[in-house]
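Asks: Residue numbers (the numbering used here), protein chains in the order written: chain C, 1 to 81; chain G, 1 to 646.
Think of the hints as simulated: they come from the structure by calculation, not from any bench. By construction, the Cβ of each residue, glycine as well, lies at the ideal position given by its N, Cα and C atoms. Please note that the accuracy of each hint is not assured.
Said to hold, decoys possible - Coverage of chain C stretches by chain G, computed from C-beta distances (three or more under 8 Å per stretch; other residues unrestricted):
#, stretch
1, 7 to 15
2, 18 to 27
3, 40 to 54
Unchecked claim - What the simulated footprint calls covered on chain G by chain C, stretch by stretch (three residues with Cβ under 8 Å from a Cβ of chain C suffice, anywhere in the stretch; the number is not a length):
#, stretch
4, 74 to 84
5, 197 to 203
6, 337 to 344
7, 419 to 433
Claimed, not checked - Counterexamples of contact, computed for chain G against chain C with all Cβ distances above 12 Å:
#, residue
8, T179
9, V181
10, P194
11, P206
12, D453
13, H553
14, H575
For reference, the chains in residue letters:
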Amino acid sequence: MSIVVESDIVRLVGACPVEDAEPLLLALQDDPERVVDVSAMEGAHFAVLQLLALFARRIEGDFADPLLQRLSFAAPQPPAL
Amino acid sequence: MMDELLEQFLIEGRDLVAQVQGDLVALARQPERRDVLDSLFRAVHTLKGSVALFEMAPAERLLHRAETRLDQARRGDAVLTAEDFDGFVATVDQVDRWIDDVERDGRLPADAETRSLALAASLDAAERPAAVPETTGELPDWTAPIVRSAAAADGACAMAAFRYRPDPDCFFRGEDPLTVVRAVPGLLAMELQPAPDAPDLAQFEPFRCAMHLLGLSSAEPDDVRAAFRMVPDQVEVVRLRQGESEPGAADTAPADPGEGGGMLRVSALRLDVLAAEVGQLAVALNALEATAERAAVTDRALAAELRRVQGELSRALGRLSSTVAEVRRVPLQPVLRRLPRLARELAASLGKDVRFELAGEGAEVDKQVADAIFEPLLHLVRNAIDHGLESAERRAEAGKPATGTVRLSFQRSGDHLAVALSDDGKGIDAAVIRQAAVARGLLDEAAAAALTDRQALRLIFAPGFSTSQVVTDVSGRGVGMDAVQRAVERMQGSIEVESTLGQGTDIAIRLPLTAILTRLVTVRVAGERYGLRMDQIHETLRIDPAEIQELGHGRACVIRDRTVPVLSLAALLGHEDTPGAEAARLVVTGAAGERIALRVDAVGERMDAAVRERSGLLAAMPAIGGTAVDADGGVLLVLDLPELLS
């Protein structure tokens with residue numbers, strides 16, 4: 001299992017496939033303040049990454065992937081739409 | 001500054017030449033390989049960009065012609081012919097020579113322009129307009145955020161910006177936009193941007209793509225576009241004005257497309273230092289072993305503790321040294337890049353038609369080996385083409401194809417590299433070798449007759465041995481096969497020769513993949529300590545001096561029913577020879593081809609040490625193979641036994 005949803009934190013572990021997008025979206029819809037911990041995430045499908053970029057307010061840990069390290073994540077505000 | 005730039009160019013330019021040569025060979029074999037064609041195009045393109053930084057206009061023009069021709073092939077507007085390949089090979093050979101000229105003389109030779117024109121004729125291709133129109137006016141608005149963010153970050157020279165707007169349904173087709181972007185050559189920066197119609201959190205659908213990806217690349221717009229060839233309608237690529245993201249400084253650095261992040265170019269010298277330090281660590285560990293032994297006399301518990309610590313250090317050192325060995329491993333290709341050209345030139349000068357095949361040149365070896373391998377291989381290739389291959393008429397008489405083949409291949413086998421050089425020439429006649437050996441007084445007729453063919457063939461490695469009746473200006477008299485053997489032995493390798501008369505010759509070389517720590521044994525001679533390489537020694541033994549007999553002009557003893565000549569190492573090294581009456585200590589070596597026992601005063605400890613190439617004053621002393629630092633911190637001279645006994 002590459003996504004673990006707990007009460008106030010979502011942990012992404014290993015390589016997260018496209019299927020992880022759904023539980024991650026549900027977890028964030030359920031509580032938009034949930035922290036997403038990426039410290040154990042080795043890689044992720046773009047479907048997962050776009051959720052992090054658009055909706056995750058707090059991201060914990062560093063990305064292992066150098067390409068992702070250079071991106072600015074964490075949406076401080078929900079998109080205006 | 002200029003010197004640094006030139007230095008960088010000499011390295012990168014030659015890497016690119018090697019890549020072009022490799023791609024040309026691969027493409028000639030498999031013309032349908034689109035990826036190879038792309039790689040070839042990129043390498044030629046980058047090489048053109050590199051030479052443009054120096055006074056090499058003829059090279060730049062020539063490469064531009066080649067690039068244009070390749071681009072036509074990529075677009076399906078032209079099919080590459082054999083003439084095209086010949087033209088490309090001649091072009092890259094010429095550029096390679098010009099790089100040598102620039103290194104040596106700082107400029108191109110006077111005839112560069114003429115040569116360039118002659119070669120360009122073979123590459124004649126209609127110039128086509130550039131595929132991507134130069135952006136001379138304002139850049140599109142969408143480039144602003146990515147150009148801004150890149151300017152803040154590190155900036156190699158950005159040549160192209162792209163905006164990739166994936167189809168919202170792309171996930172359903174199994175596509176991952178990030179994977180597509182990863183393939184962009186020379187990617188410098190990337191940004192994510194929500195699509196204007198991205199739904200909010202409550203309405204969001206997990207499997208619809210709602211983001212755009214913006215990026216900058218140091219590669220040409222065309223090359224960036226190639227990464228998006230599966231989704232051409234979803235991407236926009238624009239050429240940035242020179243230095244858009246980082247005005248000034250960076251735009252003189254040659255772009256390095258295709259190289260992903262995380263790669264580092266480290267000076268070879270630093271790696272040598274690192275390897276030497278690891279070697280020093282091994283030496284310190286050897287000292288700890290001696291300390292533990294001394295401690296055992298007074299305090300067994302302390303000695304046991306020391307041994308435990310030593311064991312742990314030794315394991316850690318083992319891991320460290322294998323990591324360093326891995327880092328020091330370099331591909332052979334850059335070293336070998338000159339060989340195909342030199343083989344072609346040599347064949348042309350001898351009027352022979354030769355196909356030179358290279359295989360497995362991507363194999364990786366220790367830098368020490370890579371540095372030392374070119375000369376002996378060049379010598380072998382020269383010998384094969386000059387002496388091995390017959391003239392076209394002779395080949396026709398023998399019913400062979402007019403084109404001779406010389407094949408050089410590399411293959412990793414366990415912890416060794418197997419190098420094989422074969423030719424389909426006339427082979428080596430063992431009978432001729434025997435006669436020549438007798439004629440040169442190397443051995444008498446009876447001894448020559450007693451040799452098997454295989455043993456007779458090994459005589460070609462004897463110093464100064466030659467069988468060629470004709471002296472050519474290429475290989476001389478075959479002088480140098482002994483030098484080849486010595487070079488191989490210095491790399492701790494071995495060389496074998498096999499030949500079938502009329503069919504050709506095979507030479508097999510085995511080289512270690514790693515060569516950092518060398519096992520040494522120390523010996524004491526005339527009050528001095530020397531190191532001997534364990535791989536040059538069969539055994540050490542102690543015998544009664546009475547067993548050493550006077551025999552002819554020398555001395556010998558019998559070891560396991562074989563008579564072995566005994567030499568005094570002290571005398572060989574120019575010390576006074578004062579053999580003691582007590583037990584004689586012998587070191588038996590086979591390094592010079594036959595078994596020889598060397599008499600020494602004492603055989604000391606064994607150790608692993610980093611042997612440094614001899615330098616300075618020592619370079620003039622052929623018997624010294626290098627130096628090592630022993631456990632006491634003293635410098636130990638390491639003898640080169642084959643050299644000493646030759």
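Asks: For G/V181, is the shortest beta carbon distance to chain C beyond 12 Å?
Replies: Label violated. Min Cβ-Cβ 8 Å, cutoff 12 Å.
Asks: Go check the stretch 40 to 54 of chain C versus chain G for me, would you? Three or more residues, Cβ under 8 Å, otherwise it fails.
Replies: holds (count 8)
Asks: Taking the closest pair, is the beta carbon of G/H575 still more than 12 Å from chain C?
Replies: holds (60 Å)
Asks: How about the stretch 337 to 344 of chain G: do at least three of its residues have a C-beta closer than 8 Å to a C-beta of chain C?
Replies: violated (count 0)
Asks: If you count the residues of the stretch 74 to 84 of chain G with a beta-carbon closer than 8 Å to a beta-carbon of chain C, do you get 3 or more?
Replies: Our answer is that it is violated, as 0 residues pass the Cβ test (under 8 Å) against chain C, missing three.
Asks: Are 3 or more residues of the stretch 7 to 15 of chain C near chain G, judged by a Cβ distance of less than 8 Å?
Replies: violated (count 0)
Asks: With a cut-off of 8 Å between beta carbons, are at least three residues of the stretch 18 to 27 of chain C near chain G?
Replies: It holds, with 5 qualifying residues against the three required.
Asks: Verify this label for me: G/H553 is non-interface relative to chain C, using a Cβ-Cβ cutoff of 12 Å.
Replies: With a cut-off of 12 Å, G/H553 remains clear of chain C, as the shortest Cβ separation is near 70 Å.
Asks: Within the assertion that chain C covers the stretch 197 to 203 of chain G, do at least three residues meet a Cβ-to-Cβ distance smaller than 8 Å?
Replies: holds (count 5)
Asks: Closest CB-CB distance from G/P206 to chain C, is it above 12 Å?
Replies: violated (4 Å)
Asks: Holds or violated: the stretch 419 to 433 of chain G covered by chain C, criterion of 3 or more residues with Cβ-Cβ distance under 8 Å?
Replies: The restraint on the stretch 419 to 433 of chain G is violated, since only 0 of its residues have a Cβ under 8 Å from chain C and three are required.
Asks: Take a quick look at G/T179 and tell me if its Cβ sits farther than 12 Å from every Cβ on chain C, holds or violated.
Replies: violated (8 Å)
Violated hints, in rising order: 1, 4, 6, 7, 8, 9, 10, 11; the structure is consistent with all others.
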